[in-house]
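Below, each chain spelled out in residue letters.
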Amino acid sequence: LDPRLTAHRPQRAQTTPHPVRPLQISNWTTAPMAATSSPSTAAAAMWAFAAAACVKLLLVPTYRSTDFDVHRYWLALTHALPARQWYTDASSEWTLDYPPFFAYFSRLLSLPAPFVDASLVDIPVPAAPPSSAYILYLRLTVAFSDLLLLASILLLARDARRRQRPFLALLLVLWSPALLIVDHIHFQYNGFLMGLLLLSLHFLEQGKDLAGGVVFAALLCSKHLFLVAAPVYFVYLFRHYCCGRGLARGLGRLVLMGAGVVAVFAMAFAPFVYYGQMQQLLSRLFPFGRGLFHAYWAPNFWVFYIVLDKILAFLLRRLGFSIEIPEASFTRGLVGDSSPFSVLPKVTPITTFLLVILAMTPCLVKAFANPQSKHIIRWVAYACSCGFMFGWHVHEKASLHFTIPLALIAMDSLDDVRHYFLLSIVSCYSLFPLLFEDQEYPIKVLLLLTYGALMWVGFSSHFAANPAPGGEKLDASDNIVEKKLTGWISLGYLLGMFAIEFWSRLFHHHVYGDRLPFLPLMIVSVYCGIGMMYSWIWQLSWIIRHT
Amino acid sequence: MGIFDILQMSMYFAPAFFGHLLGKCLKRKYPIVEIMKLGFVVLGTFALVWWPYLHSYEAAMQVISRLAPFERGIYEDYVANFWCTTSVLIKWKRLYAIKPLKLMSLSATILAFLPSFIQQVKSPSNLGFLYSLLNSSFSFYLFSYQVHEKSILLPLLPASLLALHEPHLHGWFTYYALFSMYPLICRDQLLLQYISVLGLFVLIYYSPGGNYGKGMKISSGTMAVLSLPLLCSILLHTVYLQIEPPKRYPFLFDALIMFICFSQFIILTLYTNYKQWMLDFHPRPVGSKKDL
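Sequence order for the protein chains is A and B.
To convert, note that position 465 of the first sequence is 903 in our numbering; the numbers rise steadily by one, no gaps.
To convert, note that position 72 of the second sequence is 504 in our numbering; the numbers rise steadily by one, no gaps.
Hints listed in this document are in silico derivations from the structure and should not be mistaken for laboratory results.
Mixed in with the good hints there might be a few duds.
[Unchecked claim] Calculated Cβ distances over 10 Å to all of chain A for the following chain B residues: (1) 466; (2) 476; (3) 479; (4) 481; (5) 518; (6) 536; (7) 539; (8) 583; (9) 657; (10) 675; (11) 703; (12) 709.
[Unchecked claim] Computed, partial: chain A to chain B, Cβ under 10 Å: (13) 492; (14) 494; (15) 495; (16) 498; (17) 567; (18) 568; (19) 570; (20) 576; (21) 580; (22) 605; (23) 944.
[Said to hold, decoys possible] Pairwise CB distance ranges, derived in the manner of DEER restraints: (24) A:750 <-> B:633: 40 to 48 Å; (25) A:796 <-> B:625: 48 to 56 Å; (26) B:441 <-> A:812: 58 to 66 Å; (27) A:895 <-> B:710: 34 to 42 Å; (28) B:633 <-> A:941: 36 to 44 Å; (29) A:875 <-> B:481: 38 to 46 Å; (30) B:710 <-> A:941: 53 to 61 Å; (31) B:589 <-> A:979: 47 to 55 Å.
Bear in mind that the values here come from a model prediction, so they are computed numbers and not experimental data.
Don't be surprised by glycine CBs; every beta carbon is placed ideally from N, CA and C.
The following block holds chain B by itself, in its conformation from the complex (with noise of 0.2 Å):
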C-alpha cells in the first residue's frame, strides 16, 4: 500500500513536470537535442530502478499488477472524485466490465489534465508550474482509478504552496479537503484531533494583523451561493455523528458529504484552471525589462 502511494505520487505530478520540462526544453536553441537529452536521463533512470524486473515482460507485469490492484474496482467506498459521485445516477459497475472503465477513466485523466498540460509546453513559467500540478494532481483525483480519500492531499500540496498567491483558495480547499476525509476521521475516532487541527488552521488563517479579504470584491449574492454548502456541511458534521442514517440509505450521510466535497473540487478545479489559462493572456505590467 505505501509503494501504491508513493507510484499515485509520481503519477498525479507527471504530467506537470513533463509538461513544464518538455515547454522549457522547446524555448532553448536546439528543442530536438534539449529533448534527447531529457529522455535520455528519464530512460536511463528508469531502467536503472527497474533493473532486476526487466529480464523478462512476466516479472514486469507482476510488479505492475502488485502497484495497481485494478480488480477491486473502480471506486470503493465514498470518495469526493467523478467515478463515485456520478454512481448515484450511472452504475458504472454493473454497466461496464474493468477493462473499458479502464480507458474510459484513463481517457477522462488525460483530457482533465490536457488544458494545463499545453499551456505549460507553450509557456512555461514558474508559477504556472505550480498551477500545474495542482490541476495534473487534481485531474488524477477526480477521474482516475481506485482513488482513495487520502489522495486528496496530493493536490493539497501545491495547493499550499500557491497559499500567498490564492489565499481563498487555500483556505477552501483545506476546509473541503478536511471535510471529504470526515467519515474516515470518525471511523478512526480521531474527531478531537480533527477539531483541534481544524481550529489552529483557521486561527491561523485569521491571525491578527494579517490582511485577508482584501483585493477581491465579491458581491454579496455569490457569498450566500457560496456560504450555503459551507452551512450544509457544519450541520452535517454534528448530524452524521448523532443521527441514525435511515434504514433504505445507510450511507446516506457519507453520500451528502461526498456531493458537497464533489461540488467545491469541481468549482475550485475549473477556477484553476482557468487562472492557469489567465497567466499567459495578462497584460505585461508597466515598467518591466524588455530582454531581446
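So that you can see chain A by itself, here it is in the shape it has in the complex (with noise of 0.2 Å):
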C-alpha cells in the first residue's frame, strides 16, 4: 500500500466550524407562546421595517408621478400661506382635495423644510423640475411617515384573543410590494394612512371602542375615502359599546362617543367653519365632474358592465338594430343626459352610492346581529373591498385600504392563507399599469416576485409545522392528504397572468403594432377584476357564515 496515499489523506475540516444557521423562516411563521428560542416579535418587526427602509432609500430615483408634484404643491402650501388660503388658493392646478387634518400633517412635514432647500416652500410651485434635494427630501418624509405604520404593527402583534400574531402576518404589511409601488415610487402617504386605520382597528379588537372610534374619525378627517367604512364602524360601535347595559348607561355611552367624534371633526372643521368657507371645502373635497372611470380603469364590477354594455352593443348591431355609439366618454363626467353606455342603462353617482349600501348589508346585519370584536378586522375589509368594486370613480390604489388588514389575519385559516395568496398577487398586478416606464419593470416584477416567494415559503412551512386540527383528509391508505396552497383554478388564473403579461410586453406590438394601444390595458384589467370579484364574493360568504 502506498504510503503516501494514507498519509495526505485530506482531513475534514475544523471540528467546530461554528457555521451562522440561514434565516429562519419557519421561526417567522410559529405563533411563539414563549419566546424563548425566537426572538421578541417586537424587534424582528424593526429589524424588517429597517431592511423596507434600506430598500426605500434604493427606490429614491425612481419615477415619480404627478402626485409627486401634488404632495410638493400642498408642503409649499401649507407651510407659505395661512390656513385661511389653503382651500381657496388656485395658484396651482392641484388644489387641496383632502381634509383638514392632512393639511396639518403636510404643514408638519414641511417644518424641516425649509432648512433643507428654501425652494421647497415657494408659493407658486417653482416650474423647474426638483433638484435632487427637494426629491430626497419629500421621499424621506413618506418614509418618516412609515413610522406610524410601524408603531400599529407593533401593538397589533397580538391579535383578539391575546395570542402573538405570527410575525409572518406582520412581515406580509411591512413588506407589502403594493405598498412600496404606490408609497415610495408612485409617491403617496398611504403608509401613515393605514398605519391610523390598523391603530383604530387595534384599539377595536382590544375593546377601546371609544379609543377607536376617536382614532377613525381622526382618520376621516385625513382621508374621506374612508366612509366607506363608517357605517360598519357606526353599527359595530352603537351595538358593542352602547347596546347591553341597560337604557341610562347606553344612552350616556352613546353621547360620549357622539362627544368624541364630534370634538376631532371640530378640531378640524373649526377654522374653516369660522371662516365661513365650508362650501368651497366640500365642493373640493366631493369634486363632481369626474367620470365613472378615471383614465385607467380599476378592477372593480364596472369594469363588467362596460364589457357586457360592448358585447351586446356589438350583438345587436349584428342583429340588425341600429345602436349609436354614445358621444359621452366614462372618464369624463356626466353630462346633461347623455350616457356613455350605448344598451345597459347609464350609471350615476347614487347608483353606485346605493349598490355600495346593499353590498354592505349583509356584513351590518351581522354586525348587529352578533358584534364581536375578533371580526372588526374582517368587516372593515369587507366595507373597504365594497365600496372599491362597485363606487364610482375608483382607483385600483384603493385596494391597499383592504389588502394590508386583510394580511394580519391572512394567517388564521388555510382557506384565508389561500384567499390572500391570491388577492395579494391579483391586487398588486393590477397595479403594474401605475409604473409604465421600462426601467421600473424590472423592479416591480421582482418586488411582486419575491413576496410571492415570501408567501409561498412562509406559508408552507407554517402549516407544515402547525397542521390545522380536524381538517385532514385521509386518502385510501390512511396517509394525510397534504394541503396545497393554491387549488387549479387559482393556479391556472395565476399563470395566466404571466401569459397576460407576456402578451402585453412581447406580442402585442408584434401583432397589432401601434393599433389599439389601450387593449393590453383593458385585458389587465379585466382579468384582474375576475380575480377580485372572486375576493369579495369570498368575503361575503365568509362573512355570512362565520361570523
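The two chains are supplied separately, each in an independent frame; assemble them into the complex guided by the hints.
So, in C-alpha cells, the structure goes:
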C-alpha cells in the first residue's frame, strides 16, 4: 500500500465550524407562546422595517407621478400661506382635496423643509424640475411617516384573543409590494393612513371602543375615502359600546362617543367654519364632474358592466338593430342626460352609492346581530372592498385599503391563506400599469415575485409546522393528504397572469403594431377584475357563514 | 477595459486552480499521465482561442499589450494595495523604471500566493480550494501591477463562498472592501445606494433568529483593538464628505482610507493563509471512516 495515500489523505475541516444558521423562516410563522428560542416579535418587526427602509432608499431616484407635484405643492401651500387660504388658493391646478388633518400633517412635514432647501416652500411652486435634495426630502417624509405604520404593527402583534400573531403576518404588511409601489415610487402617503386605520382596528380588537372610534374619526378627517367603512364602525360601535348595558348607561356612552367624534371633527373643521369656507371646502373634497372611471379602469364590478355593454352593442348591431355609438366617455363627467353606455342603463353616483350600501348590508346585519371584536378587521376590510367594487371613480390604489388589513388575519386558517395569496398577487399586479416606464419594469416584477416567494415559503412552512386540527383528509391508504396552497383554478388563474404579461410586453406590439394601444390595459383590468370579484364574493360568504 | 477585467479574473484565480488540479493529479496512480492529460487540455483550449493571433509574434504581442497596459504605471489613484500604501514612504515610481517594477511586482505576487499553492499541491481538498482561491486572488490584489479598486470584488467572491465557515471574516472583509471603494462611490454620486446596500448587508448579517458571535471567544482587549479601525472608518465616512482636506495634502482622506483598509487586508490575508495551512494539521474528528 502506497504510504503517500494514507499519509496525505485530506482531513476534515475544523470540528467546530460555528456556521451561521441561515434566516430561520420557520421561526417567523409559528406563533410563539413562550418566545425563548425566537427573538421578540417587536425586535423582529423593527428589523423588517429597517430592511424595508433600505429598499425605500434605493427607490428614491425612480419614477415620480403627478402625485409628487401634488404633494410638493401642498407642502409649500401649507407652509407659506395661512389656513384661511388653503382651500381657496388656485395658484396650481393640484388644489387641496384632502380634509384638514392631512393639511395639518403636510404642515408638520414642511417644518424642517426651509433648512434643507428654501425653494421647497415657495408659492407659486417653481416650474423647474425639482433638485435631488428636494426629491430626497420628500421621499424621506414618506419613509418617515411609515413609522406610524410600524407603531400600529407593533401594537397589533397581539391579536384579539391575546395571542401572538405570527411574525409572517406582520411581515406581509411591512414588506407589501403594493405599498412600496404606490407610496415610494408613485408617491403617496398611504403608509401613514393605513397606520391610522390599523391603529383604530387595534383599539377595537382590544375592546377600547372609544379610542378606536376617535382614531377612526381622525382618519376620516385625513382622507375622506374611508367613509365607506363608516357604516360598519357606526353599527359595531353602537351595538358593542352602547347597547346591552341598560338604557341610561347606553345613552351616556352614546353621548360620550358622539362627543368624542364631534370633538375630532371640530378640531379639523372649526377654523374653516369660522372663515365661512365650508361650501368651498366641500366642493374641493367631493368634486363632481369626474367620470365613472379615470384614464385606467380599476378592476372592479363596472369593468364587467362596460364589457357586457360593448358585447351587447356589438351583437345587437350584428342582428340589425341600430345602436348609436355614445358620445359621452367614461372618463369625463356626466354631461346632461347623455350616457357613455350604448345599451345598458346609465350609471349615476347615486346608483353606485346605493349598490355599495346594498353590498355592505349582510355585513352590517351580522355586525348588528353579534358584535364580536375578533371579526372587526374582517368586517372593515369587507366594507372597503365593497367600496372598491361598486364605487364611483375608484382608483386601483384603493385596493390597498382592504389588502393590508386582510394581511393581518391571513394566517388564521388555510382558507384565509389561500384567499390572501391570490388577492395580494392580483392587487399588486393590477397596480403594474401605474409604473409604465421601462426602467421600473424589473423593479415591480421582482418585488411581486419576491413577495410571492416569501408567501409561498412562509405559508408552506407554517402549515407544515402547525397542521390545522380536524381538517386533515385521509386518502385510501390512510396518509394525510397534503394541503395545497393553491387549487388548480387559482394556479391556472395566476399562470394566466403570466400569459397576459407576456402578451402585453412582447406579442401585442408584434401582432397589432401601434393600433389598439389600450387593449393590453383593458385585458389586465378585466382579468384582475375577475380576481377581485372572486375575493369579494369569498369575503361575503365567509362573513355570512362564520360570523 | 472589459477584456482586461476578464483577464484579471482568470489571472487572479489561476494559481488556485493550477495548485488544486496539480495536487489532485499527483494523488492519482500515474501522476505523470494525469499531468500530461491536463496540460494537453489547457494548451489546446488556449491554442483554439488564440488561433487568429498566433501567426506572428507581433500580433500576439499586440494583443498582450492591449490586455495589460503596463505604461500606466504600477498604481493609480489610492488603491489599498501594497505598492500604493508603501508609496507614501518609498516613492516607487521615482526610484525605479517600469521594467524593474514589473519584475518586483511579479515576484512579490508569486511569493505571496506560494504558501497556499504549495498547500493545495500537497493536500488538495474542496474547502482548501476555496481558501486557496481567496488567498491567491488576495495576493494578486495586494501585490500586482496596476490594480483597480474594483478588483477587491475578486477576493470577495471566494470569501462569500466561505461565509458559512468564516462568518466573521466575511462580514469584516465585506465592510472594509466597501469602505475601500468609498471615494470611488462618492465620485459617482452613489452615496445613497452605498448606505442602503451596506445597511441591507448589516441587517442580513444580524438577522433575527440567527446565531452569531458564538463559538469565537475574543478577549475584550482584542475587541478594543479591532474596533479602533472600525470607529475610525465610521468617522472617516462623514469627514470625507464634509470637511475640506488641507491645501498641502489634497488627498489626505483618501490616503487615510487606504491605510485603514490596507491594514485590515493584511491581517485578513495572514489569517486566511494561516487557516488554510491549519486545514492540514487539524486532528481527525472521532468516528470518521478510514478507507484504505
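So, going through the hints one by one against the coordinates:
no.: 1; hint: 466; result: holds (15 Å)
no.: 2; hint: 476; result: holds (29 Å)
no.: 3; hint: 479; result: holds (33 Å)
no.: 4; hint: 481; result: holds (33 Å)
no.: 5; hint: 518; result: holds (34 Å)
no.: 6; hint: 536; result: holds (34 Å)
no.: 7; hint: 539; result: holds (29 Å)
no.: 8; hint: 583; result: holds (25 Å)
no.: 9; hint: 657; result: holds (21 Å)
no.: 10; hint: 675; result: holds (20 Å)
no.: 11; hint: 703; result: holds (14 Å)
no.: 12; hint: 709; result: holds (12 Å)
no.: 13; hint: 492; result: holds (4 Å)
no.: 14; hint: 494; result: holds (8 Å)
no.: 15; hint: 495; result: holds (4 Å)
no.: 16; hint: 498; result: holds (6 Å)
no.: 17; hint: 567; result: violated (17 Å)
no.: 18; hint: 568; result: violated (16 Å)
no.: 19; hint: 570; result: holds (9 Å)
no.: 20; hint: 576; result: violated (14 Å)
no.: 21; hint: 580; result: violated (15 Å)
no.: 22; hint: 605; result: holds (9 Å)
no.: 23; hint: 944; result: violated (29 Å)
no.: 24; hint: A:750 <-> B:633: 40 to 48 Å; result: violated (58 Å)
no.: 25; hint: A:796 <-> B:625: 48 to 56 Å; result: holds (51 Å)
no.: 26; hint: B:441 <-> A:812: 58 to 66 Å; result: holds (59 Å)
no.: 27; hint: A:895 <-> B:710: 34 to 42 Å; result: holds (37 Å)
no.: 28; hint: B:633 <-> A:941: 36 to 44 Å; result: holds (38 Å)
no.: 29; hint: A:875 <-> B:481: 38 to 46 Å; result: holds (41 Å)
no.: 30; hint: B:710 <-> A:941: 53 to 61 Å; result: holds (59 Å)
no.: 31; hint: B:589 <-> A:979: 47 to 55 Å; result: holds (54 Å)
Violated hints, in rising order: 17, 18, 20, 21, 23 and 24; the structure is consistent with all others.
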